[in-house]
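*Asks:* What follows is the residue order along each chain.
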Amino acid sequence: MEENKEIQNQKCYEKYLETTHHLGRILTLLVLILLLVVPFVIGAYLSAMPNLPAAAKAFAGVGLVYLVSGIVEYLIYVPMLGTGGSYLAFITGNLINMKIPCAINARDIVGVKSGTPENEIVATLSIATSSLVTILVLALGVFLMIPLQPILQSPALQPAFENVVPALFGAMACKYYREDRVVALLVLAVMTLLYCFVPSLIGSASMMVIPSGALAIGLSYLSFRKKSKVTA
Amino acid sequence: MELLSKLNSPFLYLVCGGIVLLVAVICIVFAVRAYRMGKALGVDESKMKRVITASATFAVLPSVGILLGVIALSGSLGTPWPWLRLSVIGALHYETQVAEAASEAVGAGSLSIANMTPEAFATIALLMSFCIIWGMVLMIFNGKAYTKRLSGQTPAKKNEADGKKNKSSLSGFADTAMTAMFIGLVTAYIASYIGTIVSGNGVLSMTGNWLSLAVSVVAAIAMAVFLWIREKTKADWVDSFSVAGSMLIAMSAAVFLAGLAG
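The listed protein sequences correspond, in order, to chains A and B. Under numbering that gives the first Met the number 0, the residue at position 44 of the first sequence is numbered 43, and the numbers go up by one with no gaps. Under numbering that gives the first Met the number 0, the residue at position 211 of the second sequence is numbered 210, and the numbers go up by one with no gaps.
No lab work stands behind these hints, which were simulated from the structure alone. Idealized CB from N, CA, C, for every residue including glycine. Just so you know, not all the hints are guaranteed correct.
As the list claims (entries may be wrong) - Beyond 10 angstroms from chain B on every Cβ pair, some chain A residues (computed):
1) 6
2) 56
3) 216
What the hints assert, rightly or not - Pairwise CB distance ranges (calculated):
4) A:192 / B:229: 41 to 51 angstroms
5) B:202 / A:156: 32 to 42 angstroms
6) B:231 / A:197: 26 to 36 angstroms
7) A:5 / B:140: 53 to 63 angstroms
8) A:32 / B:10: 41 to 51 angstroms
9) B:229 / A:196: 36 to 46 angstroms
10) B:149 / A:22: 11 to 21 angstroms
11) A:10 / B:116: 35 to 45 angstroms
12) B:254 / A:22: 16 to 26 angstroms
13) A:150 / B:208: 18 to 28 angstroms
14) B:208 / A:8: 22 to 32 angstroms
15) B:230 / A:12: 28 to 38 angstroms
To be verified - Below, a list of computed lysine-lysine pairs in the DSS-like style, where the Cα atoms sit at most 25 angstroms apart:
16) A:112 / B:46
17) A:112 / B:147
18) B:143 / A:225
19) B:38 / A:10
20) A:4 / B:5
21) A:10 / B:147
22) B:38 / B:48
23) B:233 / A:112
24) B:147 / A:14
25) A:112 / B:5
26) B:46 / A:14
27) A:10 / A:112
28) A:14 / B:143
29) B:48 / A:14
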């Protein structure tokens, strides 16, 4: 009886994933087409079309960086976000500064393991909720833009909003460095030396996530193997 | 000025707002499906509700930061377009950089409404949309295969197939690797703040701006206090507010610290 229920749940979950892919692909494609068409619609409204050679020139300069980082983000974050969460996260954006920490925070709060159906559910709920909050805050903000603008743009408050990302990473560092202090300190030392002696890398922190993450995973693996041998 | 009023016209609000609304509906559909699936799988409903509460509180402060990005860009691109960009697919630090690059490429100089022409705006809008599509494209064409391959490599499934009994140790590394990845992500930024102080104005000059690191340190201390309260009182709800609370404290501190940093 119990076994039957488990098999039924497994089938139901597999069907859910299949439908999520189907729905995710169609809706992602729809949003993608709309986003690429809108500049032309606005162009028609303004009686001017986009300058394609200039766009290609700018893409060669700045776009290629985002091509590489887009591929890396896809490879790194899909395993964290699961199926539904990944479709939503890539549609709604703001991955590093919100969706990833939010999903991981939610996963830790309820204590689910990665790669499990619970993780899939938690990640999707977390990303959908955070995206809706952003949409709501932005819609309210845009609506209240005129009366709100003087307060939000007041020079006194600017340092607060210019430092959202350091505030986020400081809080997350405290939380995650406690998990493995040795790995955290070693990676911090290596990355700090790198930035100190090659200061041009300071402005490319989002790209430096790749070597930093690889080093952290490598060191964790060594430590994990060592611990496994001792336990065995 | 005439261009700015066109960029803030009801037509543009309608076009951009329509897409934002569509994305909101997509989020609701995915959330409802996940919640129902969770119930069917026997996931504790109180856990799912905690996820929703924690994620909603977590998202408020970063969302206000994103709203400021909309406000910052609204002076040169109008309000509807930055609203759309930052509600859908966009990222706070990405948009300004790409808009600036497109503006320079089209010959409008640095991003400003004074230099803006309709052609420049349409080009900027296209480039902002195009440069960041890769995650979506990969999900459409490769998402299914990639997630299937990942689930095939899930420790639990691997063990099942191999008939091995070391399930706990392997699934243990999946979680360790995830924590390590996040340590790496956080460290790339924290180390850059230290690097800014040490070499921001030239290698080992030690005269760079220390504000970002100071804000991170305040956030870390606040987080440590939240974690201590949680451990002492065993109050799980503290978790739901610890990150947002730490950020709020650190951002408030930034206002005072900025005066000292000069």
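*Asks:* Holds or violated: residue 143 of chain B with residue 225 of chain A, Cα cutoff 25 angstroms?
*Replies:* violated (35 angstroms)
*Asks:* Under the criterion that the straight-line Cα-Cα distance not exceed 25 angstroms, is the pair residue 46 of chain B, residue 14 of chain A satisfied?
*Replies:* holds (23 angstroms)
*Asks:* Does the Cβ-Cβ separation between residue 202 of chain B and residue 156 of chain A fall within 32 to 42 angstroms?
*Replies:* With a Cβ separation near 34 angstroms, residue 202 of chain B and residue 156 of chain A satisfy 32 to 42 angstroms, so the hint holds.
*Asks:* Between the alpha carbons of residue 112 of chain A and residue 5 of chain B, is the straight-line distance 25 angstroms or under?
*Replies:* violated (50 angstroms)
*Asks:* Is it true that the CA of residue 233 of chain B sits at most 25 angstroms from the CA of residue 112 of chain A?
*Replies:* Holds, at roughly 22 angstroms.
*Asks:* For the hint 11 to 21 angstroms, verify it against the beta carbon of residue 149 of chain B and that of residue 22 of chain A.
*Replies:* holds (19 angstroms)
*Asks:* Hint says 16 to 26 angstroms; check whether the CB-CB distance for residue 254 of chain B and residue 22 of chain A agrees.
*Replies:* violated (44 angstroms)
*Asks:* Taken at face value, is the distance from the CA of residue 46 of chain B to the CA of residue 112 of chain A at most 25 angstroms?
*Replies:* It holds: about 14 angstroms lies between the C-alpha atoms, which stays within 25 angstroms.
*Asks:* Take a look at whether the Cβ-Cβ distance between residue 150 of chain A and residue 208 of chain B falls inside 18 to 28 angstroms.
*Replies:* At 25 angstroms between Cβs, range holds.
*Asks:* Residue 10 of chain A and residue 147 of chain B were given as a pair; does the straight-line alpha-carbon distance stay at or below 25 angstroms?
*Replies:* holds (15 angstroms)
*Asks:* Straight-line Cα separation of residue 147 of chain B and residue 14 of chain A no greater than 25 angstroms?
*Replies:* Holds, because 13 angstroms separates the two Cα atoms, which is no more than 25 angstroms.
*Asks:* Over 10 angstroms to the closest beta carbon of chain B is the bar; see if residue 6 of chain A clears it.
*Replies:* The assertion about residue 6 of chain A holds, with a minimum of 13 angstroms to chain B.
Consistency note: the structure conflicts with the earlier hints numbered 2, 3, 4, 6, 7, 8, 11, 12, 14, 18, 20, 25.
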